[in-house]
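A.B. asks: Residue numbers (my numbering): 1 to 634.
These are calculated hints, taken from the structure and not from any lab test.
Possibly wrong hints are sitting among the right ones.
[What the hints assert, rightly or not] Derived DSS-like pairs: lysine-lysine, alpha-carbon spacing no greater than 27 Å straight-line:
#, residue 1, residue 2
1, LYS402, LYS315
2, LYS327, LYS254
3, LYS338, LYS402
4, LYS137, LYS200
5, LYS454, LYS402
6, LYS121, LYS395
7, LYS315, LYS327
8, LYS540, LYS528
9, LYS254, LYS267
10, LYS335, LYS121
11, LYS327, LYS338
12, LYS338, LYS315
13, LYS200, LYS254
14, LYS121, LYS137
[Stated by the list, open to error] What follows is a set of in silico ranges between Cβ atoms, one per label pair, in the way DEER data are often shown:
#, residue 1, residue 2, range
15, GLU351, PHE90, 30 to 36 Å
16, LEU469, ASP259, 50 to 56 Å
17, ASP138, SER100, 51 to 57 Å
18, SER100, PRO369, 37 to 43 Å
Predicted model, so just to flag it, every value in this text is computed and none were measured.
Heads up, the beta-carbon is just placed ideally off N, CA and C, and yes, glycines get one too.
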Amino acid sequence: MAKNKKSSTIGSALRRMFGMQKKQLSFQEEEALQSPGRVIARNFFHRPTAVFGVVVFLAIFLFVMIGPIFMPINLGYSDASLANISPGYFMMDVPSQLISEGIHDIIAGPTYGLGLSENGKLYSWGYTRISDVINMKDIPAELTDGSVNIEFLAAGSDHAVAIDEDNNFYFWGNDRLRQAQYESNSELNAALRRGTLQVKQLEAGNQFSIILDTEGNVYLWGNSSGNELECRDKERVAEGEDKEPRQYQGNIEKVAVTDHAYIALLKDGTVAYTGLEKDNALITNLPTELTDGSVRVVDIAGSSQNVAAVDETGKVWVWGVATHGEKSVPEMASKPVKIYGGRYHYTVLLEDGDVISWGDDMYGQASVPSAVENAEIAAIYSGGNQNYAVTTDGKVLTWGLKGFLCGTDDLGRDVLARIVNGGKMTMTVGAIAVIISTIIGLILGGIAGYFGGKVDMALSRVAEVIGGLPFLPFALILSAIIPRDITVLQRMYIIMCVLGVLSWVPDFRLVRAQILSQREQEYVTAAKALGVGEGHILRKHIIPNVMSVLLVSITLNFATCMLTESTLSYLGFGIPLPTPTWGNMLNSCNNSIVIQQYWWRWVFPAAIFGLCTICINLVGDGLRDAMDPKSNGR
Numbered sequence: 001m002a003k004n005k006k007s008s009t010i011g012s013a014l015r016r017m018f019g020m021q022k023k024q025l026s027f028q029e030e031e032a033l034q035s036p037g038r039v040i041a042r043n044f045f046h047r048p049t050a051v052f053g054v055v056v057f058l059a060i061f062l063f064v065m066i067g068p069i070f071m072p073i074n075l076g077y078s079d080a081s082l083a084n085i086s087p088g089y090f091m092m093d094v095p096s097q098l099i100s101e102g103i104h105d106i107i108a109g110p111t112y113g114l115g116l117s118e119n120g121k122l123y124s125w126g127y128t129r130i131s132d133v134i135n136m137k138d139i140p141a142e143l144t145d146g147s148v149n150i151e152f153l154a155a156g157s158d159h160a161v162a163i164d165e166d167n168n169f170y171f172w173g174n175d176r177l178r179q180a181q182y183e184s185n186s187e188l189n190a191a192l193r194r195g196t197l198q199v200k201q202l203e204a205g206n207q208f209s210i211i212l213d214t215e216g217n218v219y220l221w222g223n224s225s226g227n228e229l230e231c232r233d234k235e236r237v238a239e240g241e242d243k244e245p246r247q248y249q250g251n252i253e254k255v256a257v258t259d260h261a262y263i264a265l266l267k268d269g270t271v272a273y274t275g276l277e278k279d280n281a282l283i284t285n286l287p288t289e290l291t292d293g294s295v296r297v298v299d300i301a302g303s304s305q306n307v308a309a310v311d312e313t314g315k316v317w318v319w320g321v322a323t324h325g326e327k328s329v330p331e332m333a334s335k336p337v338k339i340y341g342g343r344y345h346y347t348v349l350l351e352d353g354d355v356i357s358w359g360d361d362m363y364g365q366a367s368v369p370s371a372v373e374n375a376e377i378a379a380i381y382s383g384g385n386q387n388y389a390v391t392t393d394g395k396v397l398t399w400g401l402k403g404f405l406c407g408t409d410d411l412g413r414d415v416l417a418r419i420v421n422g423g424k425m426t427m428t429v430g431a432i433a434v435i436i437s438t439i440i441g442l443i444l445g446g447i448a449g450y451f452g453g454k455v456d457m458a459l460s461r462v463a464e465v466i467g468g469l470p471f472l473p474f475a476l477i478l479s480a481i482i483p484r485d486i487t488v489l490q491r492m493y494i495i496m497c498v499l500g501v502l503s504w505v506p507d508f509r510l511v512r513a514q515i516l517s518q519r520e521q522e523y524v525t526a527a528k529a530l531g532v533g534e535g536h537i538l539r540k541h542i543i544p545n546v547m548s549v550l551l552v553s554i555t556l557n558f559a560t561c562m563l564t565e566s567t568l569s570y571l572g573f574g575i576p577l578p579t580p581t582w583g584n585m586l587n588s589c590n591n592s593i594v595i596q597q598y599w600w601r602w603v604f605p606a607a608i609f610g611l612c613t614i615c616i617n618l619v620g621d622g623l624r625d626a627m628d629p630k631s632n633g634r
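All chains should be built: construct the whole structure from the sequences, respecting the hints.
C.D. replies: Right, dumping it as structure tokens:
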């Protein structure tokens with residue numbers, strides 16, 4: 001019988017522990033059994049604004065704490081070609097009308113695309129804005145209505161050029177560095193006047209363009225300030241400059257363009273750097289096997305600062321400055337027959353129809369989707385951070401950079417990724433600063449309030465001195481005297497300590513006032529009568545009764561410390577760039593041009609920061625009302 005009773009008692013305890021008590025209590029019984037904490041929780045969650053604040057703040061908190069795992073940032077990263085791009089995923093939205101008319105050619109620019117249909121019409125998409133007055137979507141009207149037959153099309157970083165069947169040239173984009181002045185090339189101008197020019201290939205790079213004709217001659221124009229854009233031949237090579245000067249003009253089969261130079265594939269299957277600049281990595285790192293005839297090259301392609309070549313055996317050679325994994329050529333099941341270059345990646349089409357990409361994969365440009373692997377590919381177009389694959393049935397499959405949800409900043413960095421990582425930094429600084437100030441205020445306030453007398457007087461005078469300091473100017477002075485050669489992490493620790501040391505006075509006054517009241521209560525007198533030590537009374541009895549009131553102050557101080565850190569960063573005295581915080585992100589937008597034209601750079605950080613602080617204050621107000629018995633009757 002005793003055993004059954006014991007078993008019943010254990011089972012009842014387990015049911016109560018996991019909320020499985022069968023007996024339903026009446027309303028009066030449940031009210032009588034509610035603990036103070038349960039009453040506070042009930043009052044808190046009956047306030048819609050408090051619940052809203054908790055839900056939104058927790059969502060933001062989890063977003064900025066977990067987000068950096070999926071959106072890491074490279075503090076040294078910058079890409080001028082992606083600067084100040086507006087929000088949206090539109091950079092690879094090929095017009096449906098172009099697809100329906102049939103794709104003849106696609107040119108992938110840095111942030112935009114140009115497409116030529118089988119009907120001869122030219123389309124544009126993506127982020128086409130180059131400057132306030134230059135937009136790549138402003139295509140000459142005769143190219144968009146199909147009235148001319150375009151034979152060749154190319155796009156550089158800030159300009160585009162097209163040539164029709166009658167060798168008429170069309171330009172749009174930036175012409176500040178003579179990108180449109182093909183007449184500046186006397187040889188090209190003479191060939192046009194004679195009517196002997198037969199274009200074989202048209203390419204465009206960073207502020208320059210190049211034509212290869214059917215006779216193997218190249219013609220360049222645009223920004224040719226560097227000697228690497230000159231074509232070297234016998235007449236132009238000074239005596240002794242080259243041990244074996246060779247005639248390149250008339251012997252070129254194909255050219256591959258980088259940002260500021262080009263490489264030529266000669267008709268004998270060798271590769272040549274035809275510029276004059278001797279210390280260029282494109283010539284110093286050029287494999288001798290590609291120049292001495294040891295292997296025969298069948299195709300070449302260029303990326304930003306390096307070139308890749310495919311020989312007749314299917315081996316891929318990469319040389320130049322390769323800092324994004326361009327030289328990490330993967331194994332291939334069959335022989336590559338065609339190679340295409342993007343900004344920091346390459347794509348090859350294999351004999352068996354498979355497609356492989358490698359190199360920089362920050363935006364997925366080196367990750368070929370399964371849809372491409374399972375499709376029959378008719379043509380591939382690569383450029384910038386994008387890849388386009390046209391299937392045999394006319395569909396377009398894409399992979400790479402589609403855009404940015406919150407746009408980019410002036411260095412081409414993802415604003416969303418910086419908001420996430422900056423929020424983690426801002427919240428960490430605010431939380432640690434609150435912990436420091438709370439500990440100081442709680443200890444000093446508890447000692448002053450409980451012991452009183454000279455101890456209270458001394459600590460109160462110290463608090464008055466600290467509280468009388470103008471906070472922001474004093475924080476700016478402390479931040480200014482911090483050595484500039486310390487690391488960002490060390491600077492963050494110092495800022496947290498500065499905020500904590502200067503913010504404890506309100507907590508001190510609150511705790512002191514509460515303890516002055518609590519120490520006169522009967523339970524304290526009873527504890528003293530029982531011989532309980534004063535330290536034990538303060539630690540175990542008084543402070544727990546003060547924590548409920550202090551919790552409200554902690555919540556509100558958290559928002560204040562976040563605002564203060566962001567204020568310091570906004571004024572240039574906080575955590576320095578490139579480490580993001582919400583404050584220094586807003587500081588970088590302290591410019592009328594940015595505010596007017598690049599609104600996404602300040603609207604999104606300001607919105608999430610403002611929403612976060614408002615929600616923290618809503619939570620604090622909700623806790624204060626829930627803990628106030630008088631508010632229950634309102």
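A.B. asks: Look at each hint and say if it fits the structure.
C.D. replies: Right, here's what the structure says about each hint:
no. : hint                          : result
1   : LYS402 <-> LYS315             : violated, 31 Å
2   : LYS327 <-> LYS254             : holds, 22 Å
3   : LYS338 <-> LYS402             : holds, 24 Å
4   : LYS137 <-> LYS200             : holds, 26 Å
5   : LYS454 <-> LYS402             : violated, 69 Å
6   : LYS121 <-> LYS395             : holds, 18 Å
7   : LYS315 <-> LYS327             : holds, 12 Å
8   : LYS540 <-> LYS528             : holds, 13 Å
9   : LYS254 <-> LYS267             : holds, 8 Å
10  : LYS335 <-> LYS121             : violated, 35 Å
11  : LYS327 <-> LYS338             : holds, 17 Å
12  : LYS338 <-> LYS315             : holds, 12 Å
13  : LYS200 <-> LYS254             : holds, 9 Å
14  : LYS121 <-> LYS137             : holds, 13 Å
15  : GLU351 <-> PHE90: 30 to 36 Å  : holds, 35 Å
16  : LEU469 <-> ASP259: 50 to 56 Å : holds, 54 Å
17  : ASP138 <-> SER100: 51 to 57 Å : violated, 24 Å
18  : SER100 <-> PRO369: 37 to 43 Å : violated, 23 Å
In the structure shown, a violation is registered for the earlier hints numbered 1, 5, 10, 17, 18, in ascending order.
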